[in-house]
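Number of protein chains: 4
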Amino acid sequence: MFNKFGNVFSFTSWGESHGEAIGAVVDGVPSLIELCEQDIQPYLDKRKPGQSKFVTQRQESDTVKIYSGVFDGKTTGTPISLIIHNEDQRSHDYGDIKDKFRPGHADYTYMQKYGIRDYRGGGRSSARETAMRVAVGAVARKILGESITIRAALVQMGDIKVNRENWDWQQVENNPFFCPDSQTAVQWEEYLAGIRKKGSSVGAIIEVVAEGVPAGWGSPIYKKLDSDLAAAMMTINAVKAVEIGTGMAVANMSGEENADEIRIGNDGKPEFLSNNAGGILGGIATGQPIVLRFAVKPTSSILTPRQTIDIHGNNTEILTKGRHDPCVGIRAVPVAEAMMAIVLADHKLMHRAQCG
Amino acid sequence: MFNKFGNVFSFTSWGESHGEAIGAVVDGVPSLIELCEQDIQPYLDKRKPGQSKFVTQRQESDTVKIYSGVFDGKTTGTPISLIIHNEDQRSHDYGDIKDKFRPGHADYTYMQKYGIRDYRGGGRSSARETAMRVAVGAVARKILGESITIRAALVQMGDIKVNRENWDWQQVENNPFFCPDSQTAVQWEEYLAGIRKKGSSVGAIIEVVAEGVPAGWGSPIYKKLDSDLAAAMMTINAVKAVEIGTGMAVANMSGEENADEIRIGNDGKPEFLSNNAGGILGGIATGQPIVLRFAVKPTSSILTPRQTIDIHGNNTEILTKGRHDPCVGIRAVPVAEAMMAIVLADHKLMHRAQCG
Amino acid sequence: MFNKFGNVFSFTSWGESHGEAIGAVVDGVPSLIELCEQDIQPYLDKRKPGQSKFVTQRQESDTVKIYSGVFDGKTTGTPISLIIHNEDQRSHDYGDIKDKFRPGHADYTYMQKYGIRDYRGGGRSSARETAMRVAVGAVARKILGESITIRAALVQMGDIKVNRENWDWQQVENNPFFCPDSQTAVQWEEYLAGIRKKGSSVGAIIEVVAEGVPAGWGSPIYKKLDSDLAAAMMTINAVKAVEIGTGMAVANMSGEENADEIRIGNDGKPEFLSNNAGGILGGIATGQPIVLRFAVKPTSSILTPRQTIDIHGNNTEILTKGRHDPCVGIRAVPVAEAMMAIVLADHKLMHRAQCG
Amino acid sequence: MFNKFGNVFSFTSWGESHGEAIGAVVDGVPSLIELCEQDIQPYLDKRKPGQSKFVTQRQESDTVKIYSGVFDGKTTGTPISLIIHNEDQRSHDYGDIKDKFRPGHADYTYMQKYGIRDYRGGGRSSARETAMRVAVGAVARKILGESITIRAALVQMGDIKVNRENWDWQQVENNPFFCPDSQTAVQWEEYLAGIRKKGSSVGAIIEVVAEGVPAGWGSPIYKKLDSDLAAAMMTINAVKAVEIGTGMAVANMSGEENADEIRIGNDGKPEFLSNNAGGILGGIATGQPIVLRFAVKPTSSILTPRQTIDIHGNNTEILTKGRHDPCVGIRAVPVAEAMMAIVLADHKLMHRAQCG
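So the protein lines, in turn, are chains A, B, C and D.
For the first sequence, the working numbering assigns the number 205 to the initial residue and increments by one for each residue that follows.
For the second sequence, the working numbering assigns the number 205 to the initial residue and increments by one for each residue that follows.
For the third sequence, the working numbering assigns the number 205 to the initial residue and increments by one for each residue that follows.
For the fourth sequence, the working numbering assigns the number 205 to the initial residue and increments by one for each residue that follows.
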């Protein structure tokens, strides 16, 4: 219940940051889909740490292996076990965090809940777990097929937003920030170098867009597509807010502005004149692009000392040395794409279940 | 699967706006809790339409009845069936919406998904369904007990925000907007009267606060408390964004600012110096107040004609007469409290399951 | 969780024997299926008490009403609420069972679990709840369509078994025992009259057969079709054993005898030469008839005094007067058909979800 | 959904007979339980093939490894990943079964469902998967603690039943059949040697007993303890029937015989004078021993040729050489104990969730 995500297409992830391996078991995959490790690895490579100075320098090849559910290069309908063996388990990094709670980190709450925690590298609460989501997301994309495109980008870092007029999806691959605007990417480079030098960190906003989703996927009331997407994004480490379409800004819109008017297009199909809804009405896809954004808080592991307490109940302070991301939002970009793919694959199968 | 919410404490709602009744079946309620209709009715009365000129003039007494699961004034551990019989079913209101899709409304997507829709008063997608959430929320509060306080308020209507310096929970009961700031309430009165006169509508932001939630409730990874809360709020009609704690604004914070520092208080207990986390770290409650906000879009039923299509695929336009809310966000306030209570009750029982 | 059955097609039942009503909410029903109360009522009428002297004389018209999910005579894809209002609530029957635990009855365990119980007519543990299963089963049959036939019969009462050589499904409708063998029906009539006269009761075995189920429905490992069927039958009151195909008797078969050999039939389709498997291999339907049997224990409410204790912990004895079934297995026959239909409808949708 | 078992305490298994490894992810385990591989291995060793001439001669050390969820020798509340690497993957055994369907085996139905199957050693439908259940069962026992004893025995092989007057749990460890009666064990030895010599196989009945289960565990209606147990046993390969307590034989009992009378014992606690109920009434544990039996069909892989068809739709025949169990029921004994432990651990946590 606690570590499973999804309904018909679902997965359960396992593993801690500094354990021997991390993994996920994927259930409900239709049979006869061509699948091999090379279908998954490129997505993991995008997320992989150590690729630029702007993400943690932890070195992991993050090589995924399929242990089950695939035969003769095709899925068999049985569960697919994906495993990544950990390579870089420096055991000398976490002296201080063993006894002290990092403000803004899950150290404190895990201890309150379970009375024990694997403090090595954040244990289960480490962003390392998200590698498995990326791997599962690659399987989800296979279920969705070529007609659906899922892309994400970083649209704000600290207080610097991308200029949407310069938006170019091609650019996302050309800079270490997944930035769709080459000019903003240059700004960010200097900005984040400064943050990193100070041993500080900064938040970010990610936008995810899914195109080609057929009208009708999703469900009303308690399996709304937007509800499942919000839940999915909110399970990603450090996420504190999720917006669908126009998001928080709908508050100061009028009904006239917000209404996405509809026309019959030249091809005889309905066409919306705007997309404030972000592609979802009443929990069900309209056929427009599904658009969402979420905010990632700044990494809590910083060099500046912060006041905290230790596990014995004493006041103390902590500063976190070691390999950390000045903007953990960057690595959330491929994770966001994966979670979008996972929710959509699940809703594809749920829709097929009820509506044939 | 589609109309059930929750895990251990859960409910399934049923019913359409203009059907004979609406209801919910509540499962997993512990036994021996005192419960009667009078425990539920006051919450329904708060949400009830027709109480001021600022909400729909539909007249419903919204009287709830308990049909099962209670014996001798106490819960028995078996499912509790709650039913509200509909009274006001004007059948002459929906001529135009029978054949035309209202922009911004779920009419279009229900039809795309199911090939049929109950167009009378919005059918299943009507805000009427939320009455059942409020009723279930009252049961959830009973499970949570007196030590947990859940309150919500409207904090923004259109572009007018409350002045947080004037925040007074008492005021929430004293105006038709659930506004915690008596001065803003006066402003809103005039503002919304203008909106209403024009036959327009406006969006809003609601804030929900739960105090007294013990540290440790919630779960890591895929049953994060914030993930379940985001999902819950996003299931409410017209909600387009959810924020936990500092929310979207974490994007332009530094790690230093965002870190909620911890001290040992005079009572020997941990004390946080700020609450950017909104009371949740790593998906688990910290013991601080849980704080979230969400945005509700403006009602899509407005008097200004909007371009749309009809079910035969012709271009047309629509304007919606009849009884509608100029700011549907107002009635979302008691619903938000209810959904918070429901998620917390579920997590209380889930926590007890795993952690004793 | 506790009162819900099924996965994609699912229902939650509610209500106590002597409450004001009982009901069920059915979720996951595909849209555009023609459905009205007259589709459901005949199945309820088959199960209805008071139809012969061999079942409880409680008089209930058991009239079902559809409260939601159907519009213009067709399902809309939203939840279907089914309610039967109780009519016959004699309040003077249960003086003795208020304080004493009937041996073989759930009185004792409900009290141990919940610390409270609705003792009126058995409360939630009354066979009355099974009326809702029959109603839901009628909806499930609509999902399955005409090509699948589900029939059940009583094949053993006490130590008198039907003669399988006389099996005639037509006969099932012609006697008050759902007996497929008219000669055995005559025997049972005399036999059960004797049991009833003594104020005693007797057990029974029911056989359920589903024909037309396509090969491929079901799932391996933990959603095996036979596992779900066994669970389903075991949820029926008083059931103590379930057999698939040859059942317990496989124990003394050899591999040679047990193997259902396969040939290509004249129509070019695979044909099995026997059906020890009861139509299920590895949890998946073979395309043969699905055959199961289950045993129902004798009613625990009897006229002979039995030793027991009371709720205060004193030794005492109890005999149960009032309206009771000398062979509660009889009324389990339509319930068994319903549970078979429900499991198959769920597996139809689950199969469609994964396998298209 | 398809490969997960359990509600609060749950697991998902993965892997095929001749894949590189098999595994299970266990979710919902309370924290701070001492757990290491040595707690699990002994149960696997009991089930391990190749230990006598009466079970398959496949040689596997079946060494389990814990990959996550345990830190400093204690569970952390996060998912526990258990993996067994396969060693003995003879690739030359399955020439014939690649193209032909073995009667009585899941070959045919997997192909019908998925259009593909991993034919090597039975793939996913191999009894090999049950090793993971045994491993998970060992974790479940840790949750249940010392006060609950779970034991199983083979009580019938072919037509030879144990003599219950000789029942001695100690004997179960002393013969290769898990037979509680040393005299019957001798008979079985000769009997099964004959079966094996002929290349035939035979069915069996297993009995499982759980002592120390507190009254109150379980749930009424759709999460009945007996329903969950029946489902659990029916998921084990080759099981065709499940009985609780007196089982099928309740059919020819009278209400007087079947009623388990209750007295207050010398210790002031309720005491049942018999246990026809098998320790469960209304789906809830009575506090008596929980007793169930199930029947396992004879292995379908036999040396005698059987008529069948091939994947191209031609009539043919098949005989299965290689390493197979003449009585696969033997190895089901430790699996049955494991499944009992798993269901009870889940119900312990579910009971705690609802009833504190």
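Keep in mind that the hints were calculated from the coordinates and are not lab data.
Predicted, not measured: the structure shown is a model, and the values here were computed from it.
Just to be clear, a hint being listed does not mean it is correct.
Copies of the same chain are indistinguishable here, so a pair counts whether it falls within one copy or spans any two.
When the alpha-carbon atoms are kept at most 25 Å apart in a straight line, the in silico BS3-like pairs for lysine-lysine are as follows [stated by the list, open to error]:
id, residue 1, residue 2
1, Lys473, Lys302
2, Lys346, Lys401
3, Lys302, Lys278
4, Lys473, Lys365
5, Lys250, Lys346
6, Lys402, Lys365
How the hints compare with the structure:
{"no.": "1", "hint": "Lys473 <-> Lys302", "verdict": "between (60 Å within a copy, 20 Å between copies)"}
{"no.": "2", "hint": "Lys346 <-> Lys401", "verdict": "neither (41 Å within a copy, 49 Å between copies)"}
{"no.": "3", "hint": "Lys302 <-> Lys278", "verdict": "between (45 Å within a copy, 16 Å between copies)"}
{"no.": "4", "hint": "Lys473 <-> Lys365", "verdict": "neither (35 Å within a copy, 41 Å between copies)"}
{"no.": "5", "hint": "Lys250 <-> Lys346", "verdict": "within (18 Å within a copy, 41 Å between copies)"}
{"no.": "6", "hint": "Lys402 <-> Lys365", "verdict": "within (21 Å within a copy, 36 Å between copies)"}
Of the numbered hints stated above, those contradicted by the structure are hints 2 and 4, listed in ascending order.
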